[in-house]
Amino acid sequence: MTSPTGESLSRLAWRRLRKNKGAVIGMIVLGIMIVMAIAAPFITPFDPSTQILEYSVKPAGFHGKVIYKKNLADPNVPSILAVSSYEEVGDSVFYRDPAGEPYRVARSTLVGTDPHEYYSEPLFLLGTDRFGRDLFTRLVYGMRVSLSVGLISESIALAIGIFLGALAGYYRGWADDVIMWMVNVVWSFPTILLVVAFSVILGKGYWQTFVAIGISSWVDIARIVRGQFFSIREQEYVEATRALGFGSMRTIFRHMLPNAAGPIIVLSTAGFATAIIAEASLSFIGLGVQPPTPSWGQMIKDGYGYIALGTNWGMTLFPSLSMAIGVLVLNVFGDGLRDALDPKTSQR
Amino acid sequence: MINYLLRKILYTILVLIGVVVVTFFIRPPGDPARVLLGQRADSASVEAMREQLGLDKPLPVQIGKYIINLVQGDLGRSIATNRSVTETILERVPATALLALTSIFIATVLGVLLGVTAAWKPNTWVDTLTLSTSLLGISLPAFVVGLLFVLFFGVVLEWFPNSGYIDRGIEYLVLPMVTLAIRPLAIIARITRASMLDVLGQDYVRTARAKGLSSRKVFLKHALRNALNPVVTTVSAWFAGLLAGTYFIEFIFNWPGIGLAAFNAIEKLDYPMIQGTVLFTAVVFVAVNTVADLVYGFIDPKVRLS
Numbered sequence: 001m002t003s004p005t006g007e008s009l010s011r012l013a014w015r016r017l018r019k020n021k022g023a024v025i026g027m028i029v030l031g032i033m034i035v036m037a038i039a040a041p042f043i044t045p046f047d048p049s050t051q052i053l054e055y056s057v058k059p060a061g062f063h064g065k066v067i068y069k070k071n072l073a074d075p076n077v078p079s080i081l082a083v084s085s086y087e088e089v090g091d092s093v094f095y096r097d098p099a100g101e102p103y104r105v106a107r108s109t110l111v112g113t114d115p116h117e118y119y120s121e122p123l124f125l126l127g128t129d130r131f132g133r134d135l136f137t138r139l140v141y142g143m144r145v146s147l148s149v150g151l152i153s154e155s156i157a158l159a160i161g162i163f164l165g166a167l168a169g170y171y172r173g174w175a176d177d178v179i180m181w182m183v184n185v186v187w188s189f190p191t192i193l194l195v196v197a198f199s200v201i202l203g204k205g206y207w208q209t210f211v212a213i214g215i216s217s218w219v220d221i222a223r224i225v226r227g228q229f230f231s232i233r234e235q236e237y238v239e240a241t242r243a244l245g246f247g248s249m250r251t252i253f254r255h256m257l258p259n260a261a262g263p264i265i266v267l268s269t270a271g272f273a274t275a276i277i278a279e280a281s282l283s284f285i286g287l288g289v290q291p292p293t294p295s296w297g298q299m300i301k302d303g304y305g306y307i308a309l310g311t312n313w314g315m316t317l318f319p320s321l322s323m324a325i326g327v328l329v330l331n332v333f334g335d336g337l338r339d340a341l342d343p344k345t346s347q348r
Numbered sequence: 001m002i003n004y005l006l007r008k009i010l011y012t013i014l015v016l017i018g019v020v021v022v023t024f025f026i027r028p029p030g031d032p033a034r035v036l037l038g039q040r041a042d043s044a045s046v047e048a049m050r051e052q053l054g055l056d057k058p059l060p061v062q063i064g065k066y067i068i069n070l071v072q073g074d075l076g077r078s079i080a081t082n083r084s085v086t087e088t089i090l091e092r093v094p095a096t097a098l099l100a101l102t103s104i105f106i107a108t109v110l111g112v113l114l115g116v117t118a119a120w121k122p123n124t125w126v127d128t129l130t131l132s133t134s135l136l137g138i139s140l141p142a143f144v145v146g147l148l149f150v151l152f153f154g155v156v157l158e159w160f161p162n163s164g165y166i167d168r169g170i171e172y173l174v175l176p177m178v179t180l181a182i183r184p185l186a187i188i189a190r191i192t193r194a195s196m197l198d199v200l201g202q203d204y205v206r207t208a209r210a211k212g213l214s215s216r217k218v219f220l221k222h223a224l225r226n227a228l229n230p231v232v233t234t235v236s237a238w239f240a241g242l243l244a245g246t247y248f249i250e251f252i253f254n255w256p257g258i259g260l261a262a263f264n265a266i267e268k269l270d271y272p273m274i275q276g277t278v279l280f281t282a283v284v285f286v287a288v289n290t291v292a293d294l295v296y297g298f299i300d301p302k303v304r305l306s
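Chains A and B supply the protein sequences, listed in that same order. For the first sequence, position 263 matches number 263 in the numbering used here, and the numbering has no gaps at all. For the second sequence, position 236 matches number 236 in the numbering used here, and the numbering has no gaps at all.
It is worth saying that the hints were derived from the structure and are not from the lab. Hints should not be assumed to be uniformly reliable.
[Unchecked claim] Dumping the calculated DSSO-like pairs for lysine-lysine here, alpha-carbon to alpha-carbon at most 30 Å: (1) A:Lys301 x B:Lys268; (2) A:Lys19 x B:Lys121; (3) A:Lys204 x B:Lys57; (4) A:Lys21 x B:Lys121; (5) A:Lys65 x A:Lys301.
[Unchecked claim] Stretch by stretch, here's where chain B covers chain A in the computed footprint (C-beta under 8 Å, at least three residues): (6) 111-118; (7) 189-200; (8) 312-324; (9) 327-340.
[To be verified] Short derived list, chain B residues pointing at chain A, Cβ under 7 Å: (10) Val15; (11) Gly18; (12) Val19; (13) Gly137; (14) Ser139; (15) Val144; (16) Val150; (17) Phe153; (18) Gly241; (19) Ala244; (20) Ile266; (21) Glu267; (22) Thr281; (23) Val286.
Every residue gets a Cβ at the ideal spot worked out from N, C-alpha and C, and that includes glycine.
Looking at chain B on its own, in the form it has when it is part of the complex:
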């Protein structure tokens, strides 16, 4: 077990190094100093800017310095605001976390419920409805769903406010949360259905039925528990997609999280800020997945050995 744990953690560190190197290279093409100062800047000030950004050093030195700063929690300074990127991200974590966690919660609960209902009566209208709605959910990118929601629930029906943060009232959370939840919900529903049908076809379920248990009991106690394994994997994997989705959703709903900061940084090519937000998202994702893997290792010995 210790062996498994160590191996897993070591490999994660190896992957994170790769992630950091990729992130380091996120910068506009050509000379970033020139891009930032504009074409009319004289060469002396461009040179000064290059020095300030550390671009005058050879590449390996730059990467080394980037990693050293990173280990100390320093992601550099935003070019647009000159504020520390780390600070900006940290103060925006709560807003994004609130949005992402409530969304994944809703998506998981409703998704499993829908998937189980569909598997309870496969090939009936409930099933068909679930499958086709979820196909629609998968086909629509989050930002399009967001805009359509703003249009119908915000502008036409005026049920919910269409932009703003939760500090103005809980109703401000509704549209961004639901928008963000749609895609993972659709996928979780499909996975749950498929997994449920798979488990229901297995011998031990037949045995449980044969020994006279009610089908509801077989369904909920014996089948559901085993069917949920792939669902857990899907949920943890989709958490990352959801974090990426916040980039668009936070912009559309003017939600002051990390995604909105990233969106604004991309428009201004503020690359330290872009690097910071992308890195943050990737690290959270790797962390979530590693923890999920470790938990499996504890629960399921088969995972440890493979």
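Just chain A, with the same shape it has in the complex:
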């Protein structure tokens, strides 16, 4: 289909989207987040589960002094010793820990041979948590979890929602009645409670969380698809596919679905944001993604105990802000997308 100016509709939508300042900023921030999540190992100074117990609960901007020791269990992730000072004597390295106690290690057990390789003074940009893990590192890895939850859960929700919505809208009759009954049953539960319920049923874990969120969030999509199909079904090109003898599935997925794509896309950006919130909420209650995999919800829960003490707010504040920013940009982007795809908004 083309617009009166001869542009394809998706091109027109893209042009409108680019003019929307909020949406563009949203896209850029989202892009940065995705790049950070993918490049996590290269931009973070530590492994997310590396603990330096001597450095537990340090404030943002803390500078440490550490010696990297070879880790026999996993050569890629060195063990870390916190030190206050060190000295090389022959084949040994003498060092004092932050409390001032002296120790000795053989140089061959350290990473590399030269102090430049095994000693460093890393910056803990956002401070550390109670196990002395770097908050910045965990925040970036938590972004991975949040974005994958959004992506995978929303894909599950889309698959179920589109399938059921299309069946209900295309066949109507008893298929519609049964599916709408299911929609109404699921709708009787607040989404987050349903996610909690499915998490209890499926158990804790990474994949269980994705599935629990996915199968709780398909109803809105199913309803939109059904509504769209109700009207699309009456259009002439659908009748034409029938006259040509196409099967129902071919008509539904090849011809009708692409014409219902606009609202589905808008709804899935909102769903993406909701999935991120749902995962964080689950981790906050202790269901969901389990330690040591870092997740924003867990980090917020960990920091919660320190809020009342009045110390180390960063442990709660930073993951909260990251989540708020993520959800905010998704919502702004979704709003822009809706305006861009809506043929009713005036062409500016």
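For this one, chain A is given, so just place chain B on it according to the hints.
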């Protein structure tokens, strides 16, 4: 009208049956008896536990029994405390109701006020401020807002106590109530604004203006009344989201309602208690929505016929 009423009620019962069946299946994976007793329990005591929980019967029998008990108001016994789940929930209803009702009240009043103000002068700074604040409200999950409030108003500024129940003073209500109200407030403000702008563009509003009524009168008497319909739907729909929000808010503020009980039950996998609280929330939600639907049916004949 009677026909409409009967149809509506019958359908609600049908939906509730589905809700009960879903709730029945909320239990930890594997053998719940084994989960509860731990890995080291001998098979005889696991068997006894299975019998006690009724897990030795076939599934349809279990579901049937669950429904029969439910009709008698029996939600089973909590595994953690061995108290009746129904009793525990009932004694916690007032705390949650107080929190939820005051929050939705505040959210509705302020939300409508904000939305109307924004629609009064669209695309000005008032409007932009309302829209962006409400976007922020929508983007922050309730528990994060709660924690940030505890941090700023409880710890830094020390304006309000950051945890405890209202029996210690009215100031204990403030933070949990405001926290819970933020999201519905944001959404109600947006819906009111959109609906108001929509109504203001219609012919009868133009007619009212054309016949010389002051714009304030047109705005408040003619437009607002019709603009509020979608707002009422939003309020009733958001009531459920608010009830779910109490699970987190009550935990953060140590507010002894149903949500706190549910939160503790989830940590212990006390599944009869989880089932009870989830079911309770869902039933309240269905009831609120059905009543809202029926009220529309009375007010607006168009709803009855569709």
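Comparing the hints with the structure gives:
no., hint, result
1, A:Lys301 x B:Lys268, "holds (17 Å)"
2, A:Lys19 x B:Lys121, "holds (23 Å)"
3, A:Lys204 x B:Lys57, "holds (27 Å)"
4, A:Lys21 x B:Lys121, "holds (21 Å)"
5, A:Lys65 x A:Lys301, "holds (28 Å)"
6, 111-118, "violated (count 0)"
7, 189-200, "holds (count 8)"
8, 312-324, "holds (count 6)"
9, 327-340, "holds (count 5)"
10, Val15, "holds (5 Å)"
11, Gly18, "holds (3 Å)"
12, Val19, "holds (5 Å)"
13, Gly137, "violated (10 Å)"
14, Ser139, "holds (4 Å)"
15, Val144, "holds (5 Å)"
16, Val150, "holds (6 Å)"
17, Phe153, "violated (12 Å)"
18, Gly241, "holds (5 Å)"
19, Ala244, "holds (3 Å)"
20, Ile266, "holds (5 Å)"
21, Glu267, "holds (6 Å)"
22, Thr281, "holds (6 Å)"
23, Val286, "holds (5 Å)"
Of the numbered hints given earlier, the model fails hints 6, 13, 17; all others are met.
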